[in-house]
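Engineer: For the protein sequence lines, the chains are A and B, in the order given.
For the first sequence, the numbering used here begins at 20 and goes up steadily by one.
For the second sequence, the numbering used here begins at 692 and goes up steadily by one.
Don't take every hint at face value.
[Unchecked claim] Just a few of them, taken from the derived set where beta-carbon distance is under 10 angstroms, the chain B residues facing chain A:
1. Asn1025
2. Pro1027
3. Leu1028
4. Ile1031
5. Asn1033
6. Tyr1034
7. Ala1040
8. Lys1043
9. Ala1059
[Claimed, not checked] Residues from chain B that keep clear of chain A, each with C-beta distances beyond 12 angstroms, as calculated:
10. His893
11. Pro958
12. Asn1214
[As the list claims (entries may be wrong)] Heads up, simulated EDC-like pairs for lysine to aspartate or glutamate below, C-alpha to C-alpha not over 20 angstroms straight-line:
13. B/Lys1043 <-> A/Glu131
14. B/Lys1058 <-> A/Glu60
15. B/Lys1043 <-> A/Glu197
16. B/Lys1058 <-> A/Glu159
17. A/Lys217 <-> A/Glu159
Since the hints were derived computationally from the structure, they do not count as laboratory data.
Backbone N, C-alpha and C define an ideal beta-carbon position, used for all residues, glycine too.
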Amino acid sequence: MNLPTTASTVYIVDDDEAVRDSLRWLLEANTYRVKAFASAEAFLSEYREDQPGVLIVDVRMPGMSGLQLQEELINRKSLMPVVFITGHGDVPMAVNTMKKGAVDFLEKPFNETDLREIVSRMFEQANDNLQKLTAQREHEAMLGRLTAREQQVLERIVAGRLNKQIADDLGISIKTVEAHRANIMEKLQVTTVADLMKVALAAEPNK
Amino acid sequence: MVLALYALVMGAFFWLQQIREDSVMFVTIDQELRQQQLLWVVIALSVVIVIALLALWRYTKHRTQTEAALVAETAFRRAMENSMSTGMRVLDLEGRIAYVNPAFCRMIGWNEADLIGRRPPFPYWVPGQHESHRQTLDAVISGKTPSSGIELEAQRRDGSRFTARMYVSPLLAPDGSQIGWMTSMTDITEPRRIREALTAAHERFMTVLESLDDAISVTADIADGMELLFANRTYRSLFGALTNGHQELLAGRRGRYTDESVEIYSPHVERWFEVQHRTLAWTDGRRVRMQVARDITDRRRHEEASQLQQEKIQLTSRLTTMGEMASSLAHELNQPLTAISNYSMGAVAMVKSGQVDPERLLTALEKAAAQAQRAGKIISRIRDFVKRSEPQRQAIDIHVIIENAISLAEIDARKRGIEIEHEPLENLPSVLADPILIEQVLLNLIKNGIEAMDQSASRVLKVSVRQQQNAIEVAVIDSGHGVSDPDRLFEPFFSTKSEGLGMGLNICRTIIESHHGQLLATNNPEGGTTFRFTLPCASTDAQSSALEAAQANKTNEEFPA
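This is chain B alone, in the form it adopts within the complex (with noise of 0.2 angstroms):
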C-alpha cells in the first residue's frame, strides 16, 4: 500500500511536471483551467500522504505489541523450563541428546554444554550397568516403554547415586512427524526411601506380633458369627486361623465391646490365659475388638502348688500340735491308770499270799479309786479342749475335701507304690462341714489304708462317694491286712500299729459324729477294710447354706481342679 501511495504520488508529480512545460508553451488559453488542477493535485497528494503515514504508525505499532508478547511468552517459557523440578530431556531419533532443562542438569551434576548432542554411553550412566542403560535407551528410542515410566538408577558427576522415574513420549513436530522422544525424569530417592522405611518397620512390627507369646487376634462381628481380621503365630498354632479361641476366650462377652482383663480356661487347648479385651476401629472404620491371651498355665500351676505348699505346711503344723497333744494327754492319762493297776496287783498278790491285813488293803484301794478320779478329770479336760475348738462349718463341695487329703497323702502313697483311684460324682450336693477337720478325718482314714497295704499284692486304695437322701456317704476302701474286730477300732488306746497311739479313729468318729454324721469300719468280703462316714448335706440344713452351697458350685466349676 506505501508503496501504491508512491508510486501515485510519483505519478502525480510526472504529470505536474508536464502540465508545467505545457504552461510554458500555451500560458494563455489554460492557465486558470491548469491553474486549478495543479491546486487539486496538491490537495490530493497530501491527503494520500497523510494517509500513508497513518498507516505506517499502525503497521509499527502492530508490530510493536506483537514483539513485545513474543517475548513475555519466551521468558515464561524459560522460566517454566528452569523453574521445573522435572528433568526433561529430548533425545533425537539418533539418540543423540538435543535438549535439556536446567533440572536435568542440577539432577546430574552436568552443564547443559556438557550434554547436548552427546552419543551414548551418557556421562551419567553408572559405570559397570552400561548394558542395562543401553537396553533401557533402546527401549526408549523403540518406544517400548510403558507409559508408568521406568525406574532406573544414574550416577551423578560427584558419583553419587540416585533413583529415578522416567517417562517416555514421542516428540512430534507441528505437521505431527515424529522429530525425537521427550523423556522427562523425577528423582524418587527419598520417596523411596521412604516407602522402603515404612516397609521396614511394618515388617518389623509384624515380626514383634509374630513372634509374641501373647496370642493375638482382632475380630469384627458379622451377620452370621464373627470375622477373623488378624492373628498372629501364637494364636494360629493355637487355635488355628479360625475364630473358635477368640469367641473361646471371649467367654460369652460376644456383642459386647469393653476394655477388661479376665483369666479363662480353654477346654479346648487346655491351657489357662490372661486374656485382654480391646476395642479398636479398624482401618476400615469398623469397630473391632482385639484380644491379647496370655498363657498363664505354668504360672497358676505354680500358684496352686505354692498354695498347696502352703496349706501342707500348716496342716502340718496343725497335725504337730494335735500329736503333741495327743502325746502329753497319753502321758497324763499313764500316771493314773499306772497307779490304779499297781495298787490293784499289790492288793492281789496281797490276798493271794493270804497275808491280808485289811487296813492296807483299804488305803490301797481308796488309793485306786483316787487314781480312777483323776483320769476321769483329765479325761473332761480332753472334752473341754474339744469343745473349744468347735468345728467351722461351713457348705462345700465334698470333693475338694477329698482331693486336698488326697494331694496330701499322695507322698506317702507314692513311697509305698500305692495309688489312691478317686472317681468323682457330678451334680453332688454340698456337704455341710469344716474342711480342716474332715480333711484330717479322710488323710487318717487313707493313710491307715495306706499302711495296712504295705504287704498287700493290690495297689490301689478306692476313694468314692455316694448320696444317701440327705447325706453324702464317703468310703475309704483299702485292699490291706483287714482287721479282726473292726468295731472295736475306735475305742480310745486301741491300735493295730505297733507304733499307734490308738487315738485316730476315735478322734476321727468323735469329729465325724460332731458333724452328725457317722463313722463305721466293716471288712471287705474280698479281703481289706472300708471306713465309710457321712455328713450332711448342706441344703437340708437351711436355705441359706443352699445358697452359699450353689456359690460353692459356682465357684469349683470356675476353677477346675
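Okay, chain A solo, but in the shape it has when bound (with noise of 0.2 angstroms):
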C-alpha cells in the first residue's frame, strides 16, 4: 500500500452554505486545495484513511456535530488534525476538543493571518503524523518478512536475553542463535542492536 508523500487537502464541513463556500474561496486563494462537504455524514461518506489532509469542521451542525465527528475520527484512529468553527469561544468546550486533539479554534469571522497560520501548522501536524505512519508501516512489513523462530528469538533479544540464555530458552545451540541474529539483522535492515530494538519498538504499538 503507498501513502502519499505529503497531505495537501483542506476538508472543509460546515452546514451554511456561504461559510462553506467563502471559506473554499480563500483557502484556494491561498493555494490550498480544498474538498468542502455540507455535514459531517458526507464527509465521512467520503473519508478514507488514506487521504491525508486536515479538517475544518463547524461545531454547531444540525444531524452530527463537530464534536461527535472528531469522536467518529478518534475511532477510526485516524491522524487528521481537526480545527474547529464556533461562534464565540465557548471554554469548557475548548478544553473538551484540545484533550481530544484539536489543533484549534477559528472564531468567526476569520482572520485570515490566523486562519493561514493554523491550517499551515495543522499540515505540518499531518504531514508529521504521515512520516511516522510510513516509517512504522515500513518496519511492521520489514517485521512481518521474519520467520516465526526468528521473531522468537527477536523477542528474546529486545527483552534483554544473552544468546545463551536464548538458546536455553528455545533448546537450540549458541550457534544457532548467532546465526538466527545476522539473519534478523540483515532483514531489518541494521547493522547494530540499537537500531535493531528501534526497529522492532517503533512496530510494537501496532501490534
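Fit the two chains together into the complex; they arrive one by one in their own frames, and the hints show the way.
Structural biologist: Following this line, the structure appears as C-alpha cells:
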C-alpha cells in the first residue's frame, strides 16, 4: 500500500453554504486544495484513511455535530488534525476538544493571518503524522518477513536476554541463535543492536 | 268594786236580819212601813247584783281579748325569729351565750341546748384559731366592733367552714341599762365566692389583654382632644400612656365613629399596623373608640420580600430570553459576516498573488454582496422584533424604577464590595415610561459600572436624579477604569468586556430613544464614566397622564419604600 508523501487537502465541513463556499474561496486563493462538505455524514461517507489532510469543521451543525465527528475520527484511528469553527469561544467545550487532539479554534469571522497560520500548522502536524505512519508501516513490513523462530529470537533480544539464555530457552545451540541473529539484522536492514531495538519497538504499538 | 258590792249586799242582809228581829218584837205599829222598807232593800240588792255581774262579764271579756293578742304577738315574734336567715345571738355581759335563734343554730349546726349558757371557747370556733376568735370576742364584749361589722371564719359541727359577717349592738333592758350584746351573723361564703370569682375573672381578662401582642387602646373625644380610657401593655410600651399613638393610627378618623380595619404605617415607631376601629359604649355610657393595632411589619416585610423575589424571577427570565435572543442573533449575523470577510480576504489574496482571474473574482464579490444583503435582512428582522415589543408607557415615579433596579443590582454589588448610593429627590414629577424597560436599562448601566469598578480603589457607585425642564435626568456615575472613546460604546458589537456581546448599551440607547429620551456617556474628570439618560415628564405629554402621575405619587406616599 502506497501512501502519499505529503498531505495537501483541506477538508471543510460546515452546514452554512455561504460560510463553506467563502472559506473554500479564501483557502483556494491561498493555494490550498479544498474539499467541502455540507455535513459530517457526507464527509464520513467519502473519508478514507489513505486521504491525508486537515479538517476544518463547524461546531454547530444539524445532525452530527463537529464534536461527534471528531469522536468518530478518533474511533477510526484517524491521524487527521481537526480545527473547529465557533461563533464565540466556549471554554469547557474548547478544553474538551483540545484534550481530544483538536489543534485550535477558528472564531467567526476569521482573521486571515490566523487562518493561514493554523492551517499551515495543521499541515505540519499532518505531514509529521504521515511520516511516522509511513515509517511504522515499513518496519511492520520488514518484521513481517521474519520467520517464526526469528521472531521468537527477536522478542528475547528485545527483552534483553543473552545468546546463551536464548539458546537455553528455545532448546537450540548458541551457534544457531547467532545465525538467527545475523539473519534478523539483515532482514531489518540494521547494523547495530541499538537500531534493531528501535525498529522492533517502533512497530510495537501496532501489535 | 265586786268586793264593795259584796260588802253592800252583806250589809243589807244584816240590816234585814235586824229588822226581822225588830218585827218579831214590834209587829204592830210599824208593820206596814217595815214591809215596804224590806221590799226596797230587796230591789236595791238585786240591782246591785245585776250590775256586779255585768261588770264581771265585761272584765272577763277584756282579759280574754288581751290574752289572745299576747299569744298572737308571741307567736309572731317566734315565727319571725325562726324564719329569719340572719343568725341572732345574745351574749350576756360576761360573754355567756344567753340566746340563739334557729338561724344561728342552722348556720353552725349546733342545737340551742348545746349553746345556751356556754362560755368561750364556743364549739363553732375554728380549731387552731382560738386566739383570734378570743380577740374578736373581747372586742365584741368591750364594744369595740366597727359598725360596718367584722368578717370571721367559723366551723360547723360537721367540720365544714364558712365565712360570716357579724354585726354587734348593745342589748338594752327597758330601763335603758345594758344587759348584754346582740350579734347578728350572715353567711357570706357564697357572695364572697362570687366576688372572688369575679375578681379572678377580671384578673384573667386583664392578664389576657395585657399579654396580647396587639396594642389595644380606648379613647373618648373630649373638648380639647382625646382622653385615653384604657391602654394595654403593648400599647403603653409602643406609645406610652398617651393618646398620640391612638391618634396616629386613627389616621384622620378623629370624630368619626366607624367600624373599619386599615393598614397604617406609624412613622413614630417605624412600624406597620393593621388597625381595627370599633365603636363601643363605655361603662359610663359614653361613646368611645376602641383600637386594636396588630404589628404587621414583619408580615409586610416578608410580603414585600417575596414580591421582590417574584419580580426578580420574572425579570431574570425576561433577561434570559433577551440573552438567548441576542445570542442567537449574534450567531445568525456571524454567518454572512464571516462569508463576506472570507470572500473579501480571498479576493485580496488573489489580487496580491498577481494571478487574477476576473471571472472568479467577480463571482466572489457578487457572493460577498449577497451575504451583505442577507445580514441586512437579519437586521430588519431585529427591527421588527423591537417594534412588536413596543414599550408599555405609564406615568411613574422615577424613584420606583431606580429603587427596583438598585435592589436587583445590589446582590452583585455586595459580592464585589461595592456600595450603590442613591439620594431620592422630593417633589419630582413623574416620568412617562415603561418601568420594566427603563429598569433594564438602569440595571444594565449599574452592572456595567460595577464591573468597571472591579479594580478601582473607590467602592461607591452613585445614581443621581435631577429635573431638566420637562425631563428627568438619571445619571449612573462609576469610578471605574473609564473608557477611551465614550461615543463608540453605543456601537453595536462594540465591547470593552472580554465576554461581552457588545449589544447591551446599543439596546439601552434604542430603548431610551424610543422613550424620546437620550443616553450619553462621558468620562469623569476624576476618573470613571458617567452614563446619563433623560426621560420626558409625564405632565408634558398629556393632561390625563398628569392625573395618573398624581395618583402614582399618592400611592408612593402611602407606601414609603
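Engineer: Please go over all the hints and tell whether each is borne out by the structure.
Structural biologist: So, going through the hints one by one against the coordinates:
This hint holds: B/Asn1025 has a C-beta 5 angstroms from the nearest C-beta of chain A, less than the 10 angstroms allowed. This hint holds: B/Pro1027 has a C-beta 6 angstroms from the nearest C-beta of chain A, less than the 10 angstroms allowed. Annotation: B/Leu1028 was flagged as interfacial toward chain A, and the flag holds, the nearest CB pair being 5 angstroms apart, inside 10 angstroms. At its closest, the beta carbon of B/Ile1031 sits 8 angstroms from a beta carbon of chain A; the interface hint therefore holds under the 10 angstroms criterion.
For B/Asn1033, the interface hint holds, the least distance from its beta-carbon to any beta-carbon of chain A being 3 angstroms, beneath 10 angstroms. The restraint placing B/Tyr1034 at the interface with chain A holds, with a minimum CB-CB distance near 5 angstroms, inside the 10 angstroms limit. Checking B/Ala1040 against chain A by beta carbon gives a least distance of about 4 angstroms; that is within 10 angstroms, so the hint holds. Interface restraint check: B/Lys1043 against chain A, minimum CB-CB distance 9 angstroms, threshold 10 angstroms, status holds.
At about 8 angstroms, the closest approach between the beta carbon of B/Ala1059 and any beta carbon in chain A falls short of 10 angstroms, and the interface hint on this residue holds. No Cβ of chain A comes within 12 angstroms of the Cβ of B/His893; the nearest lies about 75 angstroms off, and the non-interface call holds. Even its closest Cβ contact with chain A, about 53 angstroms, leaves B/Pro958 beyond 12 angstroms, as expected for a residue assigned away from the interface. With 12 angstroms as the threshold on Cβ separation, the claim that B/Asn1214 sits away from chain A holds: the shortest Cβ distance comes to roughly 28 angstroms.
In summary, the hint linking B/Lys1043 to A/Glu131 is supported, as the alpha carbons are separated by about 14 angstroms, within the 20 angstroms threshold. Restraint check for B/Lys1058 and A/Glu60: the C-alpha separation of about 26 angstroms exceeds 20 angstroms, so the hint is violated. A C-alpha spacing of about 66 angstroms is found between B/Lys1043 and A/Glu197, which places the hinted pair above 20 angstroms, so the restraint is violated. For the hint linking B/Lys1058 to A/Glu159, the alpha-carbon distance of about 50 angstroms lies beyond 20 angstroms, and the restraint is violated.
For the hint pairing A/Lys217 with A/Glu159, the CA-to-CA distance comes to about 12 angstroms; that is within 20 angstroms, so the pair holds.
Of the numbered hints given earlier, the model fails hints 14, 15 and 16; all others are met.
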